[in-house]
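2 protein chains.
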Amino acid sequence: MVHLTTAVGLLAALCTTVSYIPQMKKCWQTGRAGDLSLKMYLILATGIALWVMYGVLQGDAVIVLANSVSLAFLATILVFKLREIAADRAKLRQGATPLRPPAEPAQSSS
Amino acid sequence: MVHLTTAVGLLAALCTTVSYIPQMKKCWQTGRAGDLSLKMYLILATGIALWVMYGVLQGDAVIVLANSVSLAFLATILVFKLREIAADRAKLRQGATPLRPPAEPAQSSS
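Sequences listed follow chains A and B, in order. Under the numbering used here, the first residue of the first sequence carries the number 10, and numbering increases by one thereafter. Under the numbering used here, the first residue of the second sequence carries the number 10, and numbering increases by one thereafter.
Worth double-checking, as some hints may not be accurate.
Stated by the list, open to error - Here are the computed lysine-lysine pairs in the BS3-like style, where the Cα-Cα straight-line distance is at most 30 Å:
1) B:Lys34 with A:Lys48
2) A:Lys48 with A:Lys34
3) B:Lys100 with A:Lys34
4) A:Lys48 with A:Lys100
5) B:Lys48 with A:Lys48
6) B:Lys48 with B:Lys34
7) B:Lys34 with B:Lys100
8) A:Lys100 with A:Lys34
9) A:Lys100 with B:Lys34
10) B:Lys100 with B:Lys48
11) A:Lys34 with B:Lys34
12) B:Lys48 with A:Lys34
Unchecked claim - Beta-carbon label-pair distances, calculated as ranges:
13) B:Ala81 with A:Ala99: 36 to 46 Å
14) A:Leu47 with B:Leu23: 14 to 24 Å
15) B:Gln67 with A:Leu47: 31 to 41 Å
16) B:Thr85 with A:Ala95: 37 to 47 Å
17) B:Gln103 with A:Arg98: 29 to 39 Å
18) B:Ala95 with A:Asp97: 22 to 32 Å
Unchecked claim - A few chain B residues facing chain A, derived, Cβ under 7 Å:
19) Leu19
20) Leu20
21) Pro31
22) Ala42
23) Met62
24) Tyr63
25) Val65
26) Gly68
Read the hints as simulated data drawn from the structure, not as lab findings. Positions of the beta carbon are idealized from the N, C-alpha and C atoms, including for glycine.
Could you build all of it, start to finish, from the sequences and the hints given here?
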């Protein structure tokens with residue numbers, strides 16, 4: 010039972026860690042991050058950094074390692090997001106239209 | 010020290026759980042999820058579901074509760090993403106242009 014629990018935990022850690030790779034790849038390929046929530050990635054990165062601290066305090070190398078890798082991936086996604094925000098602001102200062110149109114209300118299809 | 014560790018863990022769980030709320034709000038307000046990686050949210054939701062299973066096997070109510078809430082938030086974001094993919098496919102079948110232009114290569118600013 011301990012083996013099963015450990016296996017499930019390691020598989021969970023693997024999934025939550027590698028999950029950010031496709032988003033990094035998508036941002037890199039499209040050069041776009043406009044639909045990503047900056048707040049989500051800032052709060053998530055803070056939470057993951059706290060998990061690293063928790064792992065250090067617990068002396069749990071798996072928690073420290075898995076979350077450190079996740080934090081590096083999240084930081085990369087944040088760079089794409091912040092770069093796009095900076096580019097949009099620069100365009101606005103030049104009086105041009107932003108990269109993305111302003112958000113329109115969601116079409117309720119319910 | 011145990012109190013500090015527990016506090017850091019609970020704060021980490023709180024951050025990683027509530028972090029998805031701004032993304033849900035953004036998807037709802039803009040009606041857009043095109044820049045979000047479907048693969049990321051599918052793998053992340055799988056990982057979070059495994060964390061719930063891990064919590065159940067460990068008999069850890071905090072892990073089960075925090076990750077169950079996260080899973081509900083992630084499922085909501087996935088609904089926005091899948092709805093946009095379905096809308097794009099329907100438009101393509103009608104011969105119209107998709108909601109989003111095809112991805113252009115990232116402008117290397119390095």
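How the hints compare with the structure:
1. B:Lys34 with A:Lys48: holds, 11 Å
2. A:Lys48 with A:Lys34: holds, 20 Å
3. B:Lys100 with A:Lys34: Roughly 26 Å between the alpha carbons, so the hint for B:Lys100 and A:Lys34 holds.
4. A:Lys48 with A:Lys100: Holds, at roughly 22 Å.
5. B:Lys48 with A:Lys48: The hint holds at about 21 Å.
6. B:Lys48 with B:Lys34: holds, 20 Å
7. B:Lys34 with B:Lys100: holds, 25 Å
8. A:Lys100 with A:Lys34: holds, 25 Å
9. A:Lys100 with B:Lys34: holds, 26 Å
10. B:Lys100 with B:Lys48: holds, 22 Å
11. A:Lys34 with B:Lys34: Holds. A:Lys34 to B:Lys34 sits at ~24 Å (cutoff 30 Å).
12. B:Lys48 with A:Lys34: holds, 11 Å
13. B:Ala81 with A:Ala99: 36 to 46 Å: Check passed, 38 Å falls within 36 to 46 Å.
14. A:Leu47 with B:Leu23: 14 to 24 Å: The hinted range 14 to 24 Å holds for A:Leu47 and B:Leu23, with Cβ atoms some 19 Å apart.
15. B:Gln67 with A:Leu47: 31 to 41 Å: Once the Cβ atoms are compared, 34 Å apart, the range 31 to 41 Å for A:Leu47 and B:Gln67 holds.
16. B:Thr85 with A:Ala95: 37 to 47 Å: violated, 29 Å
17. B:Gln103 with A:Arg98: 29 to 39 Å: holds, 37 Å
18. B:Ala95 with A:Asp97: 22 to 32 Å: Distance hint for B:Ala95, A:Asp97 holds at roughly 29 Å.
19. Leu19: At about 9 Å, which exceeds the 7 Å cut-off, the nearest Cβ of chain A leaves the hint on B:Leu19 violated.
20. Leu20: holds, 5 Å
21. Pro31: Constraint on B:Pro31 satisfied, holds at 4 Å.
22. Ala42: Where the cut-off is 7 Å and the nearest Cβ of chain A is about 6 Å from B:Ala42, the hint holds.
23. Met62: Constraint on B:Met62 satisfied, holds at 5 Å.
24. Tyr63: Holds - the Cβ of B:Tyr63 comes within 7 Å of chain A, reaching about 5 Å at its closest.
25. Val65: violated, 9 Å
26. Gly68: violated, 10 Å
Checked against the numbered hints listed earlier, the structure breaks hints 16, 19, 25 and 26; every other hint is satisfied.
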